[in-house]
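Following the hints, put chain B in place on chain A, whose structure we already have.
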Amino acid sequence: MPSWQEFEPFIVSGLALGGVYALSGVGTVVLYQATGVVYLAFGAVGALGALIAWSLTNAGAPDWLAWLVCVLVSGAVTLAYGMVFGPPLARRDPLVKAVATLGLTLVLFGLMDLLWTTSGGQSRAITLPTDNGGFTVGQLQVTWTQVIGLGAGIAIVVVTTVFLRYTKLGTAMRAMANDREITATLGVPVRRVEAAAWLGCGVIAGVAGLLLADLVALDATTLTFLVISSLAAALIARLRSIVGTFVAAMAIGLIHDLLTPIQSLSSYRDMTPFVLAAVALLVFSRHRVISLSREEA
Amino acid sequence: MLDTASRTAAGGQRSPLRRPGRRTLTQLAVIAGLLLFAFLAIPQLLSLYYIDAMTQVAVYSVVALGLGVLVGRVGLVSLGQVAVLTIGAWVAARLLFATAQPYPLVLLEAGVITMVLGTLIGLPALRLRGLYLALITLMLAGALTVVLTTTNFPNGGHGFLGYNGSTVHIPAIRRPSIAESDPAYYRYAVVVAALMFLLVLVHIRTQPGRAWAAIRQSEPAALAAGINTTLYKLWAFALASFITGVAGGVLAGAVHYLYSITFPTQESITLLAVVLMGGAYSMWGAIVAALLLQFLPALLNNWGVSADWLTILFGIGVLQVLTTAPRGLADQVPKDLARLGRLLRGLRRRPAASGSDPA
Chain A
46 MPSWQEFEPF IVSGLALGGV YALSGVGTVV LYQATGVVYL AFGAVGALGA LIAWSLTNAG
106 APDWLAWLVC VLVSGAVTLA YGMVFGPPLA RRDPLVKAVA TLGLTLVLFG LMDLLWTTSG
166 GQSRAITLPT DNGGFTVGQL QVTWTQVIGL GAGIAIVVVT TVFLRYTKLG TAMRAMANDR
226 EITATLGVPV RRVEAAAWLG CGVIAGVAGL LLADLVALDA TTLTFLVISS LAAALIARLR
286 SIVGTFVAAM AIGLIHDLLT PIQSLSSYRD MTPFVLAAVA LLVFSRHRVI SLSREEA
Chain B
3 MLDTASRTAA GGQRSPLRRP GRRTLTQLAV IAGLLLFAFL AIPQLLSLYY IDAMTQVAVY
63 SVVALGLGVL VGRVGLVSLG QVAVLTIGAW VAARLLFATA QPYPLVLLEA GVITMVLGTL
123 IGLPALRLRG LYLALITLML AGALTVVLTT TNFPNGGHGF LGYNGSTVHI PAIRRPSIAE
183 SDPAYYRYAV VVAALMFLLV LVHIRTQPGR AWAAIRQSEP AALAAGINTT LYKLWAFALA
243 SFITGVAGGV LAGAVHYLYS ITFPTQESIT LLAVVLMGGA YSMWGAIVAA LLLQFLPALL
303 NNWGVSADWL TILFGIGVLQ VLTTAPRGLA DQVPKDLARL GRLLRGLRRR PAASGSDPA
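If you read the protein sequences in the order shown, they are chains A and B. For the first sequence, this note's numbering gives the first residue as 46, with consecutive numbering after it. For the second sequence, this note's numbering gives the first residue as 3, with consecutive numbering after it.
Chain A extracted, bound-state conformation:
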């Protein structure tokens, strides 16, 4: 067993990773609540934004413009998908909606592999200027990017909670999570609220893509399927609780990184989100209810 000192740096990186997982997890939960779609293309959309940002900075564009374009592209792609495929699938099973987003994932994935080919072995990286700056706590080096990762996670939880609780749009979203039909009957512009949810989710995907490209790697495959890990946090919270998603994401990020110094488990650490989510799903679904109405799992 390694000593405590060896674990310390991984607490910092684990918290940062957990923050970004929380960011994507909360984005997934909000969209699911508002539209009933588990957005499996979250990672792919973020990766697309990050790769475009990389190309822009390489072409000499200023950094802030690249980041803005990244976030906007992710938002626009997500919004476009929601507008085109949301309505025809609105009355279908949640499973069909989720599988349809896998279709978008495949399209984006193929496109990214085509345009930013990886076969040449060239590696790309996005370095945010916050990587260089930082401070030390005790003997620990903390970069601003890590602070931003954790901060973004906390911020998204606070902002979405307040947003859903106190704004008109947020109330409409919560109503739609309960029952889309009744909400529509009450005069809520359902399509417009859904559009807002799609756009918000896409923007979050863009931010998460940018942060993950810096914290983990800028690579279409890695980023696209990292969504499965962040989905685990949302699943543990049963796609319902925002605070639950945050806690789960923190736990996943911390456990994942704290396993790194332990030799025998280090190579298995990528299993953390999957194992936690699988166990959580099994425990939560001990009491099976068969219902004729909508899927409650």
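Just so you know, the hints here were simulated from the structure itself, not pulled from any lab data. Heads up, some of the hints might be wrong.
As the list claims (entries may be wrong) - Taking CB as the label site, the calculated pair distances span:
| hint | chain 1 | residue 1 | chain 2 | residue 2 | range |
| --- | --- | --- | --- | --- | --- |
| 1 | B | N304 | A | L185 | 50 to 60 Å |
| 2 | B | L125 | A | P54 | 34 to 44 Å |
| 3 | B | Q219 | A | A229 | 21 to 31 Å |
| 4 | A | I227 | B | V149 | 42 to 52 Å |
| 5 | B | P336 | A | I199 | 49 to 59 Å |
| 6 | B | P178 | A | A106 | 28 to 38 Å |
Heads up, the beta-carbon is just placed ideally off N, CA and C, and yes, glycines get one too.
For chain B alone, kept in the frame of chain A given last:
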């Protein structure tokens, strides 16, 4: 396919279970003809490159069939079937290195062991449904991919894992003595695949198939009708895992060397995409899916077209299938052809009709 909207679409169709006698005979003739073509003609007609691709098609048609049973028959979506395939391939490779058992026995054992493990994966299916089941299988597949990356496939080493740590000068996974050459092994794979299709056909046409159909329509109704839904759902997972495990065994011999890098998690997603595109309801759909998944890339590779275009095509295909054609290509193409034929016939008749009409 997966829910009420398409269920009514499927319900409106004539049940595929019972057909008039003449149709059955025609179908049997078509199947026999295709089998003979696949068995005798393809090894003569195609180059070694395409014969290898066709061996993969035979393997993956069985994998697609397994997923088709789960998705199309019982209504359970699994995103981890490629992970199940790797279990089969791993077990078969380990047995082939460790023992001198005849190949069919190894295939059978790989199938049975995969069946046990796959059913364990299927256990959550007893409690979870729909979306959550699909996501948990995705999680388990992701976990298995991580394990496999660490343990690697057996390559003649010692110990339980059988991995000797080296990637060069490793012995090839053996093939059956009657099928050492590529065309012979292709024929072997076709025979195994045909047997697996037969096994599934027997299931679909008998008691389990009817129980699955009832569960797919409505689980509460099936339960009320006295169907042991737990048993039959597990049965479906067992059957799908068994045939996928056997397919893994065939795959091990086909490629000679197995690497964990060839089975990334996205393969399971692509597999679901092509199965939906091919048509999860029909057994023909499994063959269409395998051709899309294995033959088309070989073709494109030969033409120098990037396989990424195929990924994009699959993505569009999934969206198209889910929004407009829930029963897939195997159902859509014959129907479209029939419609085209009717249209052409109508066009030919109309000028004649208007010519004979004095008014």
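Going down the list of hints, with the structure as the test:
1. B:N304 - A:L185: 50 to 60 Å: holds, 55 Å
2. B:L125 - A:P54: 34 to 44 Å: holds, 39 Å
3. B:Q219 - A:A229: 21 to 31 Å: holds, 29 Å
4. A:I227 - B:V149: 42 to 52 Å: The hinted range 42 to 52 Å holds for A:I227 and B:V149, with Cβ atoms some 46 Å apart.
5. B:P336 - A:I199: 49 to 59 Å: holds, 56 Å
6. B:P178 - A:A106: 28 to 38 Å: violated, 60 Å
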